[in-house]
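Asks: Okay, here's what each chain looks like letter by letter:
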Amino acid sequence: MSIHTNRFTPLWVQGLAALGVLLIAGWALQHYGDIDLERIRHIFFNMEVMEGQWGLLMSGLWITTELAVVSIILSTILGLLVAIFRIKENKIINVLLVGYLEFCRATPILVALIVVYFGLPFLNIRFSAFESGVIVIVFVHAAYIGEAFRSGIMAIHRTQTEASYALGMTPRQTLQYILVPQAFRMVLPSLANQWIGVIKDTAVTSLLAITELLKAAQIIATWKANPTPLVMSTFLYLLILIPLTILTMKLERNQKLTR
Amino acid sequence: MQQTDPSEPILRIIELEKFFGSLHVLKSLSTTIYKGEVVSVIGPSGGGKSTFIRCLNRIEEPTSGQIYFGDREITDRHINMSEIRRDMGMVFQNFGLFPHLTAQENVMLAPVKVRKVSRREAQEDGERLLKRVGLEDKAESYPDQLSGGQQQRVAIARALAMKPKVLFFDEPTSALDPEMVREVLDVMVGLVEDGMTMIVVSHEMSFIKEASSRVLVLVDGEIIEDGPVSEVMSGPKHERTKEFLGKLL
Chain A
1 MSIHTNRFTP LWVQGLAALG VLLIAGWALQ HYGDIDLERI RHIFFNMEVM EGQWGLLMSG
61 LWITTELAVV SIILSTILGL LVAIFRIKEN KIINVLLVGY LEFCRATPIL VALIVVYFGL
121 PFLNIRFSAF ESGVIVIVFV HAAYIGEAFR SGIMAIHRTQ TEASYALGMT PRQTLQYILV
181 PQAFRMVLPS LANQWIGVIK DTAVTSLLAI TELLKAAQII ATWKANPTPL VMSTFLYLLI
241 LIPLTILTMK LERNQKLTR
Chain B
1 MQQTDPSEPI LRIIELEKFF GSLHVLKSLS TTIYKGEVVS VIGPSGGGKS TFIRCLNRIE
61 EPTSGQIYFG DREITDRHIN MSEIRRDMGM VFQNFGLFPH LTAQENVMLA PVKVRKVSRR
121 EAQEDGERLL KRVGLEDKAE SYPDQLSGGQ QQRVAIARAL AMKPKVLFFD EPTSALDPEM
181 VREVLDVMVG LVEDGMTMIV VSHEMSFIKE ASSRVLVLVD GEIIEDGPVS EVMSGPKHER
241 TKEFLGKLL
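Line by line, the protein sequences give chains A and B.
All residue numbers in the first sequence are consecutive under our numbering, ending with 259.
All residue numbers in the second sequence are consecutive under our numbering, ending with 249.
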């Protein structure tokens, strides 16, 4: 499958690029900001500020992880269902689903979140902050994941379906045992990318009454009047995202070799 | 070789028609296939052979006409084709093995999921069938680890695992390298000797002459010749048959 090959850049090139960006940023700060390194350390990497605050940050990390895991599982399941309904090619369902997809494409996730959390209570529909976050993230990402699955299923050669039918398997069995398992393998790299997107999008829930990672960092930063906790939170996001990114790259490379 | 049984028609095809848009691919085909017969369908490419055989299990939807499988009309709109297809095996030109399953799993899947036989029984049956096609040592291999000829033999074992009453072969050796054709044909000849009822779209003269009992010549969507192999080969009635056989030999 050549769709994914462009996205693959060797790890060392990516590392060099990241280092380059850091160097340029450092140089720019030195040059224009008249800022010495000690000040930078004091503002952004001030470990005294973090003293006694790691607990709150870690509980934030835990809530972010919970949000991410629940959202990833649900959006993947919903996405698969969307894809299955899409390929059934029922005109009415398809129009509805395309509408849903376009809606998700056009709506900023932050707006959707505000509507669900602050808007729906006017209809006496109330969701907790956690629930609102999951609902919005799942709703939006399932659309994209659905498209990924659909393209995977569509890419499977027609002979697979014919061979399955010829053995007496029903359309449902064909989906379950033949098409979905193959599509899953095929779209796993783009799926993993989508999952990374889900994790990053959990940060929008910091707007609500939920102390996930970003919110926890904001609270400490405000309280201590120092942005170090925010910097630490970005490191914690990296901690979750880097293994997933590496996994994605491995999957893509694997796919390039075998397909 | 088992005698064909004229009292037991397996497939009756009556005025079968197929259009692709305005293209008239099959023109009122009628014929009957009896138990134990091995019918080779030959003819120039584009003549409708594949479409014909694919209509028989309705992988391709016939435009009109009737097909009876035993005494059931399978062209009936309300019939459950999945149930009918359990008893019809099909072998495709491009093998159609499931790439995410091993050879053994390919063979076992339909018996377990469709026939609901126990995994244990399916396992034993699968091993026996892979042995029969000479691939007992490839049970754990995935399709992309097998040669074309091996894949096609697994595909035949997979079709046999459902214990079909009739087997359709749609150009089973056309996608194979020449040195692999023989191993597949040998398996097919073995099936003929066991008395399997078979309909085979093929260009393999050796198989047609040695193994088939009857030949259908399909040209421009019409059956222009239908008779025992020796008759059609030695004294074709139709000019187009002579022309076609001349090119083939």
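Source of the hints: derived by calculation from the structure; they are not laboratory data.
Cβ atoms here follow ideal geometry from the backbone N, Cα and C, with glycine treated the same way.
Fair warning: there could be bad hints in the mix.
[Unchecked claim] Cβ-to-Cβ under 8 Å is the rule here; a few derived chain A residues that face chain B:
1) 94
2) 95
3) 97
4) 100
5) 104
6) 159
7) 162
8) 168
9) 170
10) 173
11) 181
12) 182
13) 185
Asks: Now look at each hint and say whether the structure bears it out.
Replies: Now the hints, each set against the structure:
1. 94: 22 Å, violated
2. 95: 25 Å, violated
3. 97: 26 Å, violated
4. 100: 30 Å, violated
5. 104: 30 Å, violated
6. 159: 4 Å, holds
7. 162: The hint holds - residue 162 of chain A has a Cβ within 8 Å of chain B, the shortest such distance being about 5 Å.
8. 168: 4 Å, holds
9. 170: 5 Å, holds
10. 173: 6 Å, holds
11. 181: 5 Å, holds
12. 182: Since the shortest Cβ distance to chain B is 5 Å, the answer is holds.
13. 185: 7 Å, holds
Consistency note: the structure conflicts with the earlier hints numbered 1, 2, 3, 4 and 5.
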